[in-house]
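Protein sequences appear in the order of chains B and F. Read left to right, the first sequence gives residues 1 to 378 (the UniProt record's numbering). Read left to right, the second sequence gives residues 1 to 378 (the UniProt record's numbering).
Hints in this document: simulated from the structure, not taken from any laboratory. Virtual Cβ for every residue (Gly too), placed ideally from N, Cα, C. Some clues are possibly wrong.
What the hints assert, rightly or not - Straight line, CA to CA, 20 Å or less: simulated EDC-like cross-link-like pairs of lysine to aspartate or glutamate:
no.	chain 1	residue 1	chain 2	residue 2
1	F	K169	F	D141
2	F	K36	B	D139
3	B	K36	F	D139
4	F	K169	F	E129
5	F	K169	F	D142
6	F	K169	F	D139
Unchecked claim - Listed next, with one range per pair, are the computed distances between beta-carbon atoms:
no.	chain 1	residue 1	chain 2	residue 2	range
7	B	G178	F	E195	17 to 25 Å
8	F	P250	B	R52	30 to 38 Å
9	F	A114	B	R56	52 to 60 Å
10	F	E60	B	E305	30 to 38 Å
As the list claims (entries may be wrong) - Computed, partial: chain B to chain F, Cβ under 8 Å:
no.	residue
11	A33
12	N37
13	S126
14	P140
15	W239
16	F246
17	M248
18	T265
19	W281
Single-letter residue listing:
Number of protein chains: 2
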Amino acid sequence: MGTGARTDPLAHIRDLFDLDDDVVYLDGNSLGAPPKNVAARVQEVVSRQWGRRLIRSWSEGWWEAPQRVGDRIGKLVGAAPGQVVVADSTSVNLFKALMAAVHGTDRAEIVVDAGTFPTDGYIARSVAELSGLTLRPADPDDLALSDTTAVVLLNHVDYRTGRLLDMAKLTEQVHAVGAKVVWDLCHSVGVLPIELDALNVNLAVGCTYKFLNGGPGSPAFLYVPTEAQPGFHQPLTGWTGHRSPFAMSPDYTPDPGVSRARVGTPDIISMLALDAALDVWDRVDLEDVRAKGLALTAHFRDLVEDLPGIEVITPDGEWRGHQVSLRHPDAATLMRRLVERQVIGDHRPPDVLRFGFAPLYNTFEDAERAATALGELL
Amino acid sequence: MGTGARTDPLAHIRDLFDLDDDVVYLDGNSLGAPPKNVAARVQEVVSRQWGRRLIRSWSEGWWEAPQRVGDRIGKLVGAAPGQVVVADSTSVNLFKALMAAVHGTDRAEIVVDAGTFPTDGYIARSVAELSGLTLRPADPDDLALSDTTAVVLLNHVDYRTGRLLDMAKLTEQVHAVGAKVVWDLCHSVGVLPIELDALNVNLAVGCTYKFLNGGPGSPAFLYVPTEAQPGFHQPLTGWTGHRSPFAMSPDYTPDPGVSRARVGTPDIISMLALDAALDVWDRVDLEDVRAKGLALTAHFRDLVEDLPGIEVITPDGEWRGHQVSLRHPDAATLMRRLVERQVIGDHRPPDVLRFGFAPLYNTFEDAERAATALGELL
Chain B
1 MGTGARTDPL
11 AHIRDLFDLD
21 DDVVYLDGNS
31 LGAPPKNVAA
41 RVQEVVSRQW
51 GRRLIRSWSE
61 GWWEAPQRVG
71 DRIGKLVGAA
81 PGQVVVADST
91 SVNLFKALMA
101 AVHGTDRAEI
111 VVDAGTFPTD
121 GYIARSVAEL
131 SGLTLRPADP
141 DDLALSDTTA
151 VVLLNHVDYR
161 TGRLLDMAKL
171 TEQVHAVGAK
181 VVWDLCHSVG
191 VLPIELDALN
201 VNLAVGCTYK
211 FLNGGPGSPA
221 FLYVPTEAQP
231 GFHQPLTGWT
241 GHRSPFAMSP
251 DYTPDPGVSR
261 ARVGTPDIIS
271 MLALDAALDV
281 WDRVDLEDVR
291 AKGLALTAHF
301 RDLVEDLPGI
311 EVITPDGEWR
321 GHQVSLRHPD
331 AATLMRRLVE
341 RQVIGDHRPP
351 DVLRFGFAPL
361 YNTFEDAERA
371 ATALGELL
Chain F
1 MGTGARTDPL
11 AHIRDLFDLD
21 DDVVYLDGNS
31 LGAPPKNVAA
41 RVQEVVSRQW
51 GRRLIRSWSE
61 GWWEAPQRVG
71 DRIGKLVGAA
81 PGQVVVADST
91 SVNLFKALMA
101 AVHGTDRAEI
111 VVDAGTFPTD
121 GYIARSVAEL
131 SGLTLRPADP
141 DDLALSDTTA
151 VVLLNHVDYR
161 TGRLLDMAKL
171 TEQVHAVGAK
181 VVWDLCHSVG
191 VLPIELDALN
201 VNLAVGCTYK
211 FLNGGPGSPA
221 FLYVPTEAQP
231 GFHQPLTGWT
241 GHRSPFAMSP
251 DYTPDPGVSR
261 ARVGTPDIIS
271 MLALDAALDV
281 WDRVDLEDVR
291 AKGLALTAHF
301 RDLVEDLPGI
311 EVITPDGEWR
321 GHQVSLRHPD
331 AATLMRRLVE
341 RQVIGDHRPP
351 DVLRFGFAPL
361 YNTFEDAERA
371 ATALGELL
């Protein structure tokens, strides 16, 4: 107790979130908690922008929102403006990214990390089938790339174990064989500094409802670096990706910039809820977020690693995201009983308990309360 | 004046909408006006469901929302439960529908109506290229189908002219050559009775932000009839379309039902705003809506068709949706000046003025005020 208040430079940020104090919420890696300003912003969007301005709002900020909000996310992932667009779901953006990455290739295979979040593997399989390539799952420690590799899809943080991959080293490995890399940032954006531009990453996708707190199912993002935009071709050629969408031309000419990755009409209420949620990032430094996340997860790990029957599967040291994953044969039952005690993490079958630590609102006391509850149950 | 109050069985429904009385809003065919209950519902979703229940809300109604809200739309399009899912944008759903329609076909062509809304044509082009078929735009009055036709994509109501196609007759024509039909209902859902099941329509898509008033960019819907579900295969194989999404299996096994058309995590705030917006349909009969829509548009047509320089391009008689489209060489300027006078329609280049009439909230007085303003400008 009390460790947090004395050592936590982000302690005051929790007040920006609408969270009950009796809940220990350790599932922000699945659904982030609501920043307090979101509710009012959504009211403004529904009641004033939609209700009073009606169709006129499309030319008063709505149309450009996918790029404008995208640029805000760009700041969190090391992307200069004009390279990130907010649109669709992560799965749909993965499809765009992979289809674009293999467009026109004469190479034979797509590689995906073997422990990938399922949707990445499913979409990669579809893209391989559509494009006549093979799909090869591979261990990130031994990707076995060659000059037949067209593209490598990697999860920056493993959703089960919390392992963090070395983006710099792996991007270099992929480039060394002349292949492209697509990074899935779902579990790392908002957790730690990312440098997409500096590392010459080819494409990246991520969701916004975990550590970015955009709300349930808030729209995802896609990074297409400036130099890759002219060659970014994918089959979801919806009208909002057109160079002149309101010309209503019968032929599709993609926008010259990142907007070519747009497809249908953007979902404005959710997009602007996300926009509000991002305000908190203007007030924090990602280095502080990272430092607190490592401290929180280390503290929790220390408290639980010797509990009976518990195996910590999250790597120690710096190569981890902001979650601690524990293996226990009764994981499902344990998590149900923890939730009954207002300690909310989640269970991933068959036997993994996940505890996500969001440095913007989780406290060292949260770690202690969760560890105590788990200890009592064991 | 006054024609409305005496003859309009839906007059009281306008009170359910949050609309300013000094605005004549005739663009509900582009963005429907907000039902009053949406604002409170969105607050409930953000503040209670997200804020208090956090991740638990996924198992308290969120997860099934795409099918539950889909069933509500199903009632408006003549689809029995379990055949409509709300997800993604219309463009993305068109891609799924067309890819599924050509899956495994040995036929050579996709046909699209020549006046299609652009995104339909763009997506159909992509699907043709991916699947090795040709794309042929055709006049709906002379589709020239043959046993080489795999699928025909038709817009139920033409977005420019407001012409309504005969779904029964055209579906029969398509089926007569053994092809499949995909109907785009964007401009007809909520305007008139539709009977997808009774007509054995193969697939249908539509948006929810026009006459269904779901809000800007609210998620679209996709109809996959029960008997077509086992054969519905499309490449956006996202995790939420999986038979057991939380098993996190490395292999994709589609859900046996309409949920196989789901892709990524559903956008809950917008989905539940739409859900609230649909409540109004529980209180009206689509036959009344259709009757009022025809009367409103006929009244407006009568008032404007003899104005100088105006050519009405919306068909007379019953084969039209709920808009009146006028051609005038100065259409862009005219619409700008109408909007200045609080008469809000829209302009489609180069020379079309569109006035949409939403029977749930538009009045005969709206038609008269709009016609008067247009007459003064001319």
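Structure-based check of each hint:
1. Pair hint K169 of chain F plus D141 of chain F holds up; C-alpha atoms about 11 Å apart against a cutoff of 20 Å.
2. A hinted pair counts as satisfied when its Cα atoms are at most 20 Å apart, and K36 of chain F with D139 of chain B does not qualify at roughly 53 Å.
3. With a CA separation close to 53 Å, the supplied pair K36 of chain B and D139 of chain F exceeds the 20 Å bound.
4. Pair hint K169 of chain F plus E129 of chain F does not hold up; C-alpha atoms about 29 Å apart against a cutoff of 20 Å.
5. Distance hint between K169 of chain F and D142 of chain F is fulfilled; the C-alpha atoms sit about 12 Å from each other, no more than 20 Å.
6. Taking the CA atoms of K169 of chain F and D139 of chain F, the gap is about 14 Å. The hint holds against a cut of 20 Å.
7. Against the hinted window of 17 to 25 Å, the Cβ-Cβ separation of G178 of chain B and E195 of chain F comes to about 55 Å, which falls outside the hint.
8. Roughly 50 Å separates the CB atoms of P250 of chain F and R52 of chain B, a value that falls outside the hinted 30 to 38 Å.
9. The given range of 52 to 60 Å is broken by A114 of chain F and R56 of chain B, whose C-beta atoms sit roughly 31 Å from each other.
10. In this structure, E60 of chain F and E305 of chain B meet the distance hint of 30 to 38 Å, their C-beta atoms being roughly 33 Å apart.
11. Taken as an interface hint, A33 of chain B checks out: its beta carbon lies about 7 Å from the nearest beta carbon of chain F, inside 8 Å.
12. Nearest Cβ of chain F to the Cβ of N37 of chain B: about 11 Å, over the 8 Å cut. The hint is violated.
13. Annotation: S126 of chain B was flagged as interfacial toward chain F, and the flag holds, the nearest CB pair being 4 Å apart, inside 8 Å.
14. Interface restraint check: P140 of chain B against chain F, minimum CB-CB distance 15 Å, threshold 8 Å, status violated.
15. Taking 8 Å as the C-beta contact cut-off toward chain F, the hint placing W239 of chain B at the interface holds, the least distance being around 4 Å.
16. Below 8 Å, beta-carbon pairs count as interface contacts, and F246 of chain B has one with chain F at about 7 Å; its hint therefore holds.
17. Checking M248 of chain B against chain F: minimum C-beta separation of about 5 Å stays under 8 Å; hint holds.
18. Annotation: interface hint on T265 of chain B holds; nearest CB of chain F at approximately 4 Å, less than 8 Å.
19. Annotation: W281 of chain B was flagged as interfacial toward chain F, and the flag is violated, the nearest CB pair being 19 Å apart, outside 8 Å.
Of the hints listed earlier, those the structure fails to meet are numbers 2, 3, 4, 7, 8, 9, 12, 14 and 19, in rising order.
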